[in-house]
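As a plain string of letters, each chain reads:
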Amino acid sequence: MEEYWMGICSIPGVYQAQIDQLIRHFGNPKAAWEAKETEFKIWKEKEVKWIDDFLTFRKHHSIAGVCHRAREKGINFISRDNESFPEKLKNLTDCPAGLFYKGRLPNPEQYSVAIIGARQCSHYGKVMAQELSSAMTEAGAQVISGMAYGIDGYAQMASVSRGGDSFGILGCGVDICYPVENYSLYSMLQESGGLISEFPVGSQPQRIHFPMRNRIISGLSDVVVVVEARKKSGSLITADLALDQGKDVYAVPGRNGDVLSYGCNHLIEQGAGLVLSVESLLEHLNLLKKTEKNREETQKKKQLALAREENLLYSNLNLRPKSLQELSEKTDFSLPVLINALYELERKGLAAEISKNYYAKLK
Amino acid sequence: MFGTAVTAAICGIESKRITVEADVSDGLPMFTMVGYLSSEVREAQERVRTALKNSGFRLLPKRVTINLAPADIRKEGSGFDLPIAVAVLTAYGYLPQDALEGVFFAGELSLNGEINGIHGIMSMAAAALECGCHTCIIPMANRMEGAVIQGIRVLGASNISEVINFFTSNGKLTETHINIEEILSEQENSYSVDFAEIQGQEVLRRGAEVAVSGMHNLLIIGPPGVGKSMIAQRIPTILPPLGIEEALEISKIHSIAGVLPEGKGIMTTRPFRAPHHTITRTALAGGGRVPRPGEVSLAHHALLYLDELPEFQKDTLEILRQPLEDGQVCIARNTGTYIFPADFMLVASMNPCKCGYYPDRNRCSCSIREVKRYLDHISQPLLDRMDICVEAAPVSYMELSSGRKGESSADIRKRVVKAQKIQQKRYAGTEVKFNAGLKTSEIKKYCYLGKTEESLMKETFEKLQLSGRAYHRILKVARTIADLDEKDQIGVLHLKEAICYRSLDKKYWGGNF
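For the protein sequence lines, the chains are P and W, in the order given.
For the first sequence, numbering that gives the first Met the number 0 begins at 0 and goes up steadily by one.
For the second sequence, numbering that gives the first Met the number 0 begins at 0 and goes up steadily by one.
Just chain P, with the same shape it has in the complex:
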């Protein structure tokens, strides 16, 4: 039966809603696959397009062929009838019919956190995503996200590079790396974690796929953390879905007027949890271990090692990138002194050049 599930899930243009209709009518995928053409009359009368897609695909492909091709690419499949299918998804009203995946599926025993946010994120968002993700990973959680540009990618990269498990839920077939710029992440996720998609192998990333895959992101996780989101952002859809599914939603606040934090601040206004600091979030989630103490100690050490100019400069830096010009106005240092101090801070890993001559605090 698993093969027939896979066959029925491999048809481009036939999504979970349509599969549900077929299953309701025929009882199981095997019956649907082998039914005579006349039995599809009710859909034919309505002239829906997808039923033609289904029939044509059925005509040209064999179940064995579909399975073989996926296996050749190292892609696994699991249907919702399978007992290893993630329990958390089974409860959804719009539970995907099956999941294609590379690597593994999330460990149901382990705590799962979704860290999501804007593609075009700021340095602040980047650092917050990385910090949250690293802390979560160290606390033993697995990070789930969408492997997109920006927040998603930074969070997952931080998790994987700390030796954690991370799962990328894709809006295309699992054999396609989108965006291609994240290829290194794509290949790392296959090793430590997994790539998961409900869309057929070879599907291109389409606009309509992304809101659909968001329900899987929220569904697979125990809590959703939104790092940066604009007024109209896909991350807000995920947050809404998470609320519908009864999950907790946290948001990283931004300043009033920060375009990129509007969505997050709005979530907080509506009652989402506020991420005051990484530690406070861990505490809320009961994930707090020894990590907190270590952090404080290292921070103390850093402050001790700084020279006077460096200290003054460091206190002028924050997560919003500031230009060399702005820093020179703020500190009143001569240019060579300023550059020297910046260089030393960069060397100590406390500051970074974000863009040409724009500097920001790293931690």
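If you are wondering where the hints come from, they were derived from the structure by calculation, not from laboratory data.
The beta carbon of each residue, even a glycine, is placed where N, CA and C say it ideally should be.
With a straight-line Cα cutoff of 16 Å, these simulated EDC-like cross-link-like pairs (lysine to aspartate or glutamate) come out:
#1 K462/W with E345/P
#2 K347/P with E458/W
#3 K417/W with E485/W
#4 K329/P with E398/W
#5 K72/P with D174/P
#6 K371/W with E180/P
#7 K424/W with E485/W
#8 K321/P with E201/W
#9 K15/W with E129/W
#10 K40/P with D52/P
#11 K462/W with E352/P
#12 K353/W with E307/W
#13 K321/P with D359/W
#14 K89/P with D19/P
#15 K29/P with E2/P
#16 K29/P with D80/P
#17 K347/P with E461/W
#18 K404/W with E328/P
#19 K462/W with E343/P
#20 K329/P with E201/W
#21 K404/W with D193/W
If you anchor each label on the Cβ, the simulated ranges turn out as follows:
#22 G256/P with V192/W: 35 to 45 Å
#23 K457/W with N310/P: 25 to 35 Å
#24 R206/P with E369/W: 14 to 24 Å
#25 P223/W with K58/P: 54 to 64 Å
#26 E369/W with P107/P: 39 to 49 Å
#27 I41/P with K313/W: 53 to 63 Å
#28 N310/P with D484/W: 25 to 35 Å
#29 E317/W with G256/P: 41 to 51 Å
#30 P223/W with N90/P: 44 to 54 Å
#31 E324/W with E71/P: 51 to 61 Å
#32 E282/P with E453/W: 40 to 50 Å
#33 E453/W with K72/P: 48 to 58 Å
Please build the complex by placing chain W on the supplied structure of chain P, with the hints as guidance.
Chain W in isolation, oriented as in the chain P frame:
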């Protein structure tokens, strides 16, 4: 009857001597011109005939033949009218041939006999001097230009009758003399802009100062409206004052292009060339069927400013690579190869992304791909030639309203001149003029690093994953900063500052993991 007159044709920025020969003989009345002529030269016969008629000369209907020798040089331009007219008058016997000995003619005729100004008089006068002429008769409008060439008598004429009277009845022509040194020293500080007008922008100021001191090319990146162009316009004011030779060279090019300032014979300030980004390749590098100097040559010994660099056509920018490397443009035509000097300092400015506000994410919503694509308009080889790259950030209101005056151009220039003198002393007897011109092999010799500096560079090299080229550029810029500091040895601070000015790296542009 036979008559000749001496003139010159422009080839590149040099001029070559041309002899106009005229013969008047019996036969069917006609006017024939030979000698590899372009159509504007061929049209000269109508202008000459009519101008002479209107000046009161009756030309009997005879067979007139004109030859412009040597016949293998293509003759272009309207400057041949006057010598043709003189040669014809000589052949008809109105002028004595021996009076024309050693006299050079150039000028365009109007139908009423007036003489109009032409391009390239300076180069022609120089050619006249070279081929042994003692007198130049040129249009009144160009007499200042001609007078720049010392050692030859320059006479300005406003119509053809004056010229004839000069030879036949001791008429007077306006003799012009100018003292170049005096003009140059008088006008030394005659720029209409000054660095003092810029408030704040310490980083950009310093970047410009370092760039000028070592003649490094400068790339300014910043959002719209922060004063990128303002700074660029003021860079010529901190370049060292023009020397006589430089002024002559610049003036010669401008004379050929016909863009010398009205009523002046010589360029007294360094030009600031800022072509619009719609400029074509030919207009930038020079060219045309008969090559004319382009913007790069007009910016010789001065500044070429390209605003909105990524908006330029990609292939137009690629043209810059040769002049940036060799300091000249070489244009090959079937009539010969023309060389135009183009030893300029390139200053370019650009926005960090399409909308102009990256990395301020509150205002910029460009995707990382778009940011990268914007930079892709500029090729890596061109980016490699930009030694210094600085950011121009918005100036705060406090700084603007403080009324604090910036340092004046004259003060900055003093430091620049000092730093350039140090370089000239160091590179005496070599081909190198400024630090920017150091070749890789020479960098080792002149940019020696101590132990601490060496380890700093090693660390940076690894951390930033620099290319070999980027590494050398940092050393060159550090050398200039040390020169500004009047230190023989490059120090740690010099290196750090140079690292800060390093050119942007496409790899890291737009952020990555």
